[in-house]
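Protein chains: 6
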Amino acid sequence: MYTHTQRLQYQASPDRSDPVYAAKLQELIGGQYGEITVMMQYLFQGWNCRLPGKYKDMLHDIGTEEIGHVEMLATMVARLMEGAPLDSPGHDEVSDPTVAAVIGGMDVQSAIVAGAGGRAVDSRGNLWNSGFITSSGNLMADFHSNANAEMQGRLQATRLYNMTDDPGVREMLAFLIARDHMHQNQWLAAIEQLKTDGIEDLPVPSAFPLERETAEVGYQFITFSDGEASTQGRWAGGAAPDGTGELSAVPGPHPVDGVPGPPLSDPRLFATTTPDLELPGSRVGADAETER
Amino acid sequence: MYTHTQRLQYQASPDRSDPVYAAKLQELIGGQYGEITVMMQYLFQGWNCRLPGKYKDMLHDIGTEEIGHVEMLATMVARLMEGAPLDSPGHDEVSDPTVAAVIGGMDVQSAIVAGAGGRAVDSRGNLWNSGFITSSGNLMADFHSNANAEMQGRLQATRLYNMTDDPGVREMLAFLIARDHMHQNQWLAAIEQLKTDGIEDLPVPSAFPLERETAEVGYQFITFSDGEASTQGRWAGGAAPDGTGELSAVPGPHPVDGVPGPPLSDPRLFATTTPDLELPGSRVGADAETER
Amino acid sequence: MYTHTQRLQYQASPDRSDPVYAAKLQELIGGQYGEITVMMQYLFQGWNCRLPGKYKDMLHDIGTEEIGHVEMLATMVARLMEGAPLDSPGHDEVSDPTVAAVIGGMDVQSAIVAGAGGRAVDSRGNLWNSGFITSSGNLMADFHSNANAEMQGRLQATRLYNMTDDPGVREMLAFLIARDHMHQNQWLAAIEQLKTDGIEDLPVPSAFPLERETAEVGYQFITFSDGEASTQGRWAGGAAPDGTGELSAVPGPHPVDGVPGPPLSDPRLFATTTPDLELPGSRVGADAETER
Amino acid sequence: MYTHTQRLQYQASPDRSDPVYAAKLQELIGGQYGEITVMMQYLFQGWNCRLPGKYKDMLHDIGTEEIGHVEMLATMVARLMEGAPLDSPGHDEVSDPTVAAVIGGMDVQSAIVAGAGGRAVDSRGNLWNSGFITSSGNLMADFHSNANAEMQGRLQATRLYNMTDDPGVREMLAFLIARDHMHQNQWLAAIEQLKTDGIEDLPVPSAFPLERETAEVGYQFITFSDGEASTQGRWAGGAAPDGTGELSAVPGPHPVDGVPGPPLSDPRLFATTTPDLELPGSRVGADAETER
Amino acid sequence: MYTHTQRLQYQASPDRSDPVYAAKLQELIGGQYGEITVMMQYLFQGWNCRLPGKYKDMLHDIGTEEIGHVEMLATMVARLMEGAPLDSPGHDEVSDPTVAAVIGGMDVQSAIVAGAGGRAVDSRGNLWNSGFITSSGNLMADFHSNANAEMQGRLQATRLYNMTDDPGVREMLAFLIARDHMHQNQWLAAIEQLKTDGIEDLPVPSAFPLERETAEVGYQFITFSDGEASTQGRWAGGAAPDGTGELSAVPGPHPVDGVPGPPLSDPRLFATTTPDLELPGSRVGADAETER
Amino acid sequence: MYTHTQRLQYQASPDRSDPVYAAKLQELIGGQYGEITVMMQYLFQGWNCRLPGKYKDMLHDIGTEEIGHVEMLATMVARLMEGAPLDSPGHDEVSDPTVAAVIGGMDVQSAIVAGAGGRAVDSRGNLWNSGFITSSGNLMADFHSNANAEMQGRLQATRLYNMTDDPGVREMLAFLIARDHMHQNQWLAAIEQLKTDGIEDLPVPSAFPLERETAEVGYQFITFSDGEASTQGRWAGGAAPDGTGELSAVPGPHPVDGVPGPPLSDPRLFATTTPDLELPGSRVGADAETER
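Protein chains in written order, with the working numbering: chain A, 1 to 292; chain B, 293 to 584; chain C, 585 to 876; chain D, 877 to 1168; chain E, 1169 to 1460; chain F, 1461 to 1752.
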């Protein structure tokens, strides 16, 4: 259960309005790696966590923090939208190139739909959707997903930092960039902790018996492109990062013999086929052609 | 530029048809972490890579391999769909519980739309979309994304391995699981290579000056939930994984003072507000209230 | 069954072209609350209505009217797009800020994809989708949805009215705004009619027995935020709008005792868990721990 | 800023597992009118609210409560998924019709993707997206949207109540149904409060001057279908609910004279047209044909 | 402008209910090639048509007919949903395999969300979206799109015809299949008419000067796969269907010389690159390396 | 299985950067009819093709070629993005209208998310999704879909050709336009080949017995709009293109007699209905009202 204080985790006041920048900043709210994504990702991981104790608690901590980050950004966007031009160049001659740039670059939908407020969309106006989040139940996989999310998020925040000189905006971004920095550390540390605790290891999932794999290709780097340099990387030789095998480079791809025959076709579905490929029954019989 | 051989990278023949399993296997084709996702992710990373040489070549290698994995899975799904029941329980009494399970669990849209072939959708029939892929231009961030994708992918493949006893299906999955294993190794090794080469380091992006961050929160684990255990983790103390700072635990969140005032409102947008909050102009002036 | 006359319900001629405004006007065609939404919402409510007579007839009336509103807007957009600049600032120096604003603010996809015609998208180019419509079968719920749709629609239309001075555009919008005004009245009147006819009442659905609810929280306003003022509203005291209970304010949230234990985990799914949380069987037994 | 307690607002324990019901219950988490929708809708309305005081505070209260409702439902779904069958009818003969029904009706993606946890999707597996939420800045419009959301939500919850006999599930639903009941009251009371406070009135937006509308159609119910009964409703006569005009019924639609001519076409876009409809320039000139 | 009669274009009454078939039939309402798609496609083509006369009139005719087809199907689906089982196999033992099949195969969301009515979704519950429609302004291209839509639609309808024996359902489908048959004829005839009238020809768009193309590859069939047979087709020799050139087969793909260098990178975006690839300025200068 | 050469099929180098044009060119990568669409469409048609030999081989050829077209475009977009302005008009006064146009018209998300690289989105930033592709299993239907895709694609490419004067961009487009020209020929020739080979004919699917259709409406053009001219087209008279029937024009639509009654309603779903419309049982009985 959650509670709220009206005070923010950090101030969110621009020195001046900037509707074009407001549109860009939406990426950090409703983009693929925006704060809604990490908020929802950590909340669902926390709710679904099957391991009581420090991992589940930690997921609750960070998921709850991220709700407040969305709040800070939505507050900032609404302030940056103040005074956005509503006029149309079809009627009103535009004499100032700065105004022209704002007319072209601002989020008109924010004005029409949201009264110039923050929205759950990205910098191009795409709707946020839950295909952006990951919650698999396997903590080793998910912590890597989380580390990636914080890296992409910090990367975008630093790009946005470079796109403005507004001291108020930069101050808030400096705070969020620092938190993304900490959260990168947090997930990488959590990966180490999982290994230290003997709970999960590489490869993910570590409980799947390695002998069930097709053994010979589990450590092979295979080339499929004519680039000459790729076999010179760390990934093509030496001890594997999973601590078990030895990496090797295998030039050229090696297809199996034989071209696969087409699947059989139920005539009631009117797929185009040849008469001698009729469906033999509801299941492939023992006497079906072996090359199929 | 790409070329194709009609031979597969590995065989893709089930021992018998199984339309319910075909629907499940679609997750590995068109799901969030299916083969279309990794194929498109690596192709775009390769095309956009600004670092000629072994990294770009390697991205081309693996991206090209993944196209063939989609091919193998699509071939398998079409064969598993052979003989799928087309009848309707509204008219045809079903006497066999196995048939009942198949009627309920198969992908009817595959029959109606695709003539019982493989499709670019997941196991619930959701369309694949490009919000599933990541290509940021920053290789350290993207390699973490790639490692996560291979972990989620292998996790799903092992779950699906446990959902069938079909030797042909298991043989193909054993191959794909081994490749996902290698690819986890590959991306983790590539992360090490980036550090060794001095190209990128943590935190991402490493070229952003740390002194621009809000320094005091870059290494703090802050609790936002009443769980007692979360400060006992590796993430709340000791040297930070980025190799620079020292992690610490900070109990309780600490909001800034003051409640943020509302953003100003343009009366032409008819947002509900009070008269004394009228918009002062197109930009916040020097004499605007400081607490805003 | 439907028929069509080529005459419009109202004129749709701008005085001059205005490609930037055309892009904005798309919100009224294909936006969340555009005319496609109300057209499809009322058509489906009409087709699904299980109450023959005046309600079903009325739904058919208004649903059919709305098809013609989409037609008017699509006609207007195509005319506003006339003469949209196709040149690129990469080659052609732009000397007129008005042209610069148009280049930045127009819908380039309309030109590339639709030959400068109206499209089933919103003002940011998002595709219309059927998640924007509601048709529940319960008329009391749906009429509130309809009232809201007309309010949001009129709100957006008045905002757009304020974004242009074009007499032709304003004349068409004045007509649509008046119809939205009528339709707000229509749905609010229909809500009254449902009550008068004794068909549906509040709370929705009124046929669900109130004694099945958790009685004590059905009329409580509970605070979850530290704002001081919220208990002073009409919603925190006095007779409830449903005509049955008495509203009250309850400060502070009150969680139930005990922290929920984690769900049990099937080891074949490789979720991270502890050994003593193995799955006991396909259903939770009578002797399972009671705190779970 | 938000904080979290690990205790739930209400218990969320089924008496037994039920994977088919778990799939259905997802509608209340990630559906169009699920708890994620109301949570995100109220949070954004609260953050964007430009009216400090009781309205903004109240939005923060209810938005924060709804986060905890998602938590309760996610907890319940994970428990209902316990022991879900993972086997495939392609290999394993199913002898029990109950098992057949579960195989067909459960959410296989929950197992494959989420380790049998709750997810941000609806009962058919569609991703939640932000097109489900409304935050316009106009409180009168938005409170009607909120009332509708609580009506649709309670309607769905009561339908789901009727789809199970599980005492634990019903107990949690009885709590949520009661809260939806309260929240219907809350928003209807808030609508009254807005009128009482003189802040907003009907029609929405009430600040738009009525004289700008096309006056004669603002109170007319017009028939577009041959249903005979629709003019007998409350919406076709009597005082309008907005308190200003008088409703009337106008039989038959009345198109304006003249068929609209086609929009002009830029030949560089290759739209099919006739030679005499060439584009006269970048803007429609004064001498353009008046009937266009 | 549109009007409606409550009588259907054709009867839509099943002989008995069949909820599983109702779910399948949704494909014809809200699927990629369902009736909503052709309705919206033809309506937008008609509204945007820049050629007054028989083509525009014909588009209005067929677009209006299709609205009534959605109506027929929505009516049918609601009737097929009558008596759908609402019980849950988690509590109620299922003894009848027919009931088990229905529980697994029906659209539970129709019951929960729509009160068992027709919906604007496909057979897997995916939302209809406007990415399914085409309206380019070029009639030759669009009429081919329309012919395809009618072919896919009739194909799906015949597949669904084969999935039921219900005389009432089959009667309605026989009507729709006949109309799809006519509409295939209609669009193919309209393509001929465009050529006869000298308005458009092949290739689309025929007004683009052929001499602007890279001449040598406009009639070449080039092989990119090791299949042996593809050069034996009509597409690899003989007069081209556009009536202008001569088709030929060109074995093997032929890449251009040289590997493309990477794009230059703005350091403020933190893309991973090498120091000597710094961005030279806002536009590529005359002295930029020629191989780039 | 696929392999890659780092050489492109054709050069992809602009003479100068042009970020606004880069955003437009994205339509050819990730739009509804972009190269990802045809690539994925042909790959899936090839994988699912049930007819071994020249058709399947040809699908593999063209599908593989299209992967390389995406590569060329992604390469071009990244180069056009070089030097895109990152500054914000909120702080930096813009004095050059050309720069203003670029600020408004470029894809800011490309910079923020992709480090200024090509992306799998269209010209408005919409995500590519698999609802853009068609693979039905019926080659006659799918080849018409393919012909349409190449027509729409060439149409968009010629429009984009007209939107730039950059020699390098035009050279690449001239190549792609020529390939689209060939591919139009290819699919139209393949349609002829299917007829010549006696594999498929019109109407699609040709194997469905014509006598099962409602015979009288299979060749009727019926008017639903008051346009006068539509019966003068080729589609309203003469031999049908399917080679079987004779087309005719039938003025005015002809609904069937009787208004359909409402579907019955399960009271547990709380749909609004009248008491005498209670549900008679799980299936419509023999004594149900005949007019229903």
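Hints listed in this document are in silico derivations from the structure and should not be mistaken for laboratory results. Where hints are given, some of them may not hold.
Claimed, not checked - Once the Cα atoms are required to be at most 25 Å apart in a straight line, the calculated BS3-like pairs of lysine-lysine come out as:
| hint | chain 1 | residue 1 | chain 2 | residue 2 |
| --- | --- | --- | --- | --- |
| 1 | E | Lys1363 | F | Lys1655 |
| 2 | C | Lys779 | D | Lys1071 |
| 3 | A | Lys195 | B | Lys487 |
Said to hold, decoys possible - Over 12 Å on every C-beta distance to chain F, these chain B residues come out as not near it, computed from the model:
| hint | residue |
| --- | --- |
| 4 | Asp307 |
| 5 | Glu357 |
| 6 | Leu365 |
| 7 | Ser387 |
| 8 | Asn418 |
| 9 | Tyr453 |
| 10 | Pro459 |
| 11 | Ala507 |
| 12 | Gly535 |
Claimed, not checked - Here are some chain B residues pointing at chain F (derived, C-beta under 7 Å):
| hint | residue |
| --- | --- |
| 13 | Met293 |
| 14 | His296 |
| 15 | Ala366 |
| 16 | His383 |
| 17 | Gly407 |
| 18 | Gly409 |
| 19 | Leu419 |
| 20 | Trp420 |
| 21 | Asn421 |
| 22 | Gly423 |
| 23 | Thr523 |
| 24 | Gln524 |
| 25 | Pro547 |
| 26 | Gly550 |
| 27 | Val551 |
Note that the Cβ used here is the ideal one computed from N, Cα and C, for glycine as well.
Checked hints:
A distance of roughly 22 Å separates the Cα atoms of Lys1363(E) and Lys1655(F); the hinted pair therefore holds under the 25 Å criterion. Simply put, Lys779(C) and Lys1071(D) have alpha-carbon atoms about 22 Å apart, close enough for the 25 Å limit, and the pair holds. Under the criterion of a C-alpha separation no larger than 25 Å, the hint pairing Lys195(A) with Lys487(B) is consistent with the structure, at around 22 Å. Annotated as non-interface, Asp307(B) keeps its C-beta farther than 12 Å from every C-beta of chain F; the closest such distance is 20 Å.
Its beta-carbon lying about 8 Å from the closest one in chain F, Glu357(B) breaks the requirement of being farther than 12 Å from that chain. A Cβ of chain F approaches the Cβ of Leu365(B) within 12 Å, the least distance being about 9 Å, so the stated non-interface status is violated. For Ser387(B), the shortest C-beta to C-beta distance to chain F comes to about 18 Å, beyond the 12 Å cut-off, and the non-interface label holds. With a cut of 12 Å on Cβ distances, Asn418(B) falls inside the contact zone with chain F, its closest approach being about 9 Å.
With a cut of 12 Å on Cβ distances, Tyr453(B) stays outside the contact zone with chain F, its closest approach being about 22 Å. With a cut of 12 Å on Cβ distances, Pro459(B) stays outside the contact zone with chain F, its closest approach being about 23 Å. Listed as outside the interface, Ala507(B) is consistent with that label: its C-beta sits roughly 25 Å from the nearest C-beta of chain F, beyond the 12 Å cut-off. Every CB of chain F lies more than 12 Å from the CB of Gly535(B), the least distance being 25 Å, so the non-interface label holds.
With its C-beta approaching chain F no nearer than about 4 Å, Met293(B) sits inside the 7 Å limit, and its interface hint holds. A least Cβ separation of about 4 Å between His296(B) and chain F falls short of the 7 Å threshold, and the interface hint therefore holds. Taken as an interface hint, Ala366(B) checks out: its beta carbon lies about 4 Å from the nearest beta carbon of chain F, inside 7 Å. Among the interface hints, the one on His383(B) is violated; its C-beta lies about 10 Å from the nearest C-beta in chain F, farther than the 7 Å criterion.
For the restraint placing Gly407(B) at the interface with chain F, the shortest Cβ-Cβ distance is roughly 2 Å, inside the 7 Å limit, so the hint holds. Given the 7 Å rule on beta carbons, the hint for Gly409(B) holds: about 3 Å separates it from the nearest Cβ of chain F. The beta carbon of Leu419(B) is positioned within 7 Å of a beta carbon in chain F (closest approach about 5 Å), and the interface hint is therefore held. The criterion of a C-beta within 7 Å of any C-beta in chain F is met by Trp420(B), whose closest approach is roughly 4 Å, and the hint holds.
About 4 Å separates the beta-carbon of Asn421(B) from the nearest beta-carbon of chain F, less than 7 Å, and the hint is met. Checking Gly423(B) against chain F by beta carbon gives a least distance of about 5 Å; that is within 7 Å, so the hint holds. Taking 7 Å as the C-beta contact cut-off toward chain F, the hint placing Thr523(B) at the interface is violated, the least distance being around 35 Å. For Gln524(B), the interface hint is violated, the least distance from its beta-carbon to any beta-carbon of chain F being 37 Å, above 7 Å.
Of the supplied interface hints, the one on Pro547(B) is violated, with its beta-carbon coming no nearer than about 27 Å to a beta-carbon of chain F, more than 7 Å. Taken as an interface hint, Gly550(B) does not check out: its beta carbon lies about 24 Å from the nearest beta carbon of chain F, beyond 7 Å. Against a cut-off of 7 Å between C-beta atoms, the interface hint on Val551(B) is violated, since the closest Cβ of chain F lies about 25 Å away.
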